[in-house]
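Protein chains in written order, with the numbering used here: chain A, 1 to 124; chain B, 1 to 468.
Please note that the accuracy of each hint is not assured.
Stated by the list, open to error - The calculated DSS-like cross-link candidates involving lysine-lysine, where the alpha carbons are at most 30 Å apart (straight line), are:
1) B:K393 <-> B:K274
2) B:K69 <-> A:K105
3) B:K366 <-> A:K105
4) B:K339 <-> B:K440
5) B:K375 <-> B:K274
6) B:K440 <-> B:K274
7) B:K69 <-> A:K111
8) A:K111 <-> B:K375
Because the hints were derived from the structure by calculation, they are not lab data. Note that the structure is predicted; figures quoted are calculated from it, not measured.
Here's the letter readout for the chains.
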Amino acid sequence: MPDDPETRLSERRRFLKLLGLVGMSSALSPPVLAFAQVPPGSGRSGAPEPAVSDSARANGTKPPEISDEARTLAQIVAMRYGAHLTPEQLEAVTREIDSRLTGGKRLREAKLANHDEPDFTFQA
Amino acid sequence: MLDPGTFFVPVRELGARLRARRLSPVELTGACLDRLERLGGRYHAVVTLMRASALREARAAEQEIRSGKYRGPLHGIPYGAKDLLATRGVPTTWGAAPYRHQVFDHDATVVERLREAGAILAAKLAMVELAGGMGYNHADASFTGPGLSPWNTRFWSGGSSSGPGAAVAAGLVPFAIGSETSGSILTPAAFCGVTGMRPTYGLVSRHGAMALCWTLDKLGPIGRTADDCGLVLASIAGLDPDDPSSLERGFAYDGPAPLARRPRLAVPKGVTEKVQPEVRENFERSLGILGELADVTRDVEWPDFPWGPAVSAIVGAEGASAFLDLIESGRVKELTCPKDRHGGYAGTLIPAVDYLQAMRLRAPMKRALADLFEKYDLVVAPTRASVAYPADKNFEDVYPGIGGGPALIAAGNLCGLPALALPNGFGENGLPTSLSLMGKAFSESELVALGDAYQQRSDWHTRRPPGT
């Protein structure tokens, strides 16, 4: 994550807006993962963070749908690190993955030529 | 007993008093140590007080100055370092509980260079844990407590260089060293009403600094004035064999250069559209002052790139790699901010292709901004869209509807460009607002010159927070 909260906020708002549009279609598909693969009672000492912000909870706002793609990728997180995560944390990670997928789509949409190299140089 | 006003005197003037022996390094350092001890806790700004070594160095500085061995304008000046800079034999905590007992056997290059310049390290200063690399969303994101603004302690001092911002604002140290990956010098400078400089990538060695993101991390000064930032930068810039990203090119500076001609300033389109009203008013007033010194062009189109997603992918991937052991071991659960306890896991799944796309985009991004800097010398905008955030709320719940327009901080960092944040007034709850200048690579002289000229015509940088 960038350490600039304003950039993050703006990306998150863009993401929420996008999800508002795609929510209808993804709501037709049941979630691939219901977090049942998290080993029960294993290393969940971290305090859980609500997946929904306090204000959204207070307003009764329904959280945006999470894409199937994000839920599928979250299975990998659950398999690798499930012992370290509560269900609430894994839900938050899944939302974060979804946000990153949206950002990744924007990166892939950018026009680049074959010869455009990554901007770092390896030196032997 | 020093006059309290002494703690708000710029470095250049303090240096002149020390050289003329109208002020003693031991007296100044001792008084700063006392203030750090007495007031530091109010802002959660201090991690480690360096009393014994600081007083030893101060006595040495006093002896040297007395004997005519004058090292320069920082000789005998106490300072604070963000606690991600290694200091031999003293804990370097990175603001994070899992590292609170970490001790290195070497000093960061920046610390060494400042010692060579005669500056005295008085304290290791607080920071957001791991410089925010795990995606914090709350001011309470450090094992030393939430960084609080000296202007109003119900509000955040900004991050991730929260201690450096607060300590300079409260007159605990004359200057401090912060770090920026994407906003971490400019934001605390803005929220604390002080002057902060993000140098060009590679100008300052990062050896001995915690790595969050190798291709974006930068170290820079936070001080009272643009001139002070120039003085400090001149002491820390330059090639370092221990940092392969550091550059031969240094930064020579002995005072603000006169403006050779009227600079051409660009105000990007949309930078004040969704900002708080006071931020807009103060920015307009600042433009009035800058307009006496420069040609200002408004509504300049900002190049359209996915700035936010690019910086997010790069910091996410490099940060997950840099802290992979912490993430995979599950020890992230020892971090303070609940979001940081799980924020790194999504980063481990960023596809290499997305990371490479972001890194490939940096070249056309740099070309686009280079084109813009053919037409304009500097870009000017409000540093932040709002004043400091309330310290007791999640970031996503503060100031709804407020936003900053083009992602200038992300763009400047992705392209490695320098920027200077200057206080320019006050907004709601008595909190400071700020103005930023950004230039092409290695334009630090121009930034300092215009920043200094602005500060000669305004007095926001001379204001003191209540109770300091």
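So, going through the hints one by one against the coordinates:
| no. | hint | in the structure |
| --- | --- | --- |
| 1 | B:K393 <-> B:K274 | holds, 20 Å |
| 2 | B:K69 <-> A:K105 | violated, 60 Å |
| 3 | B:K366 <-> A:K105 | holds, 21 Å |
| 4 | B:K339 <-> B:K440 | violated, 35 Å |
| 5 | B:K375 <-> B:K274 | holds, 26 Å |
| 6 | B:K440 <-> B:K274 | holds, 26 Å |
| 7 | B:K69 <-> A:K111 | violated, 58 Å |
| 8 | A:K111 <-> B:K375 | holds, 24 Å |
In terms of the numbered hints stated before, the structure departs from hints 2, 4, 7, listed from lowest to highest.
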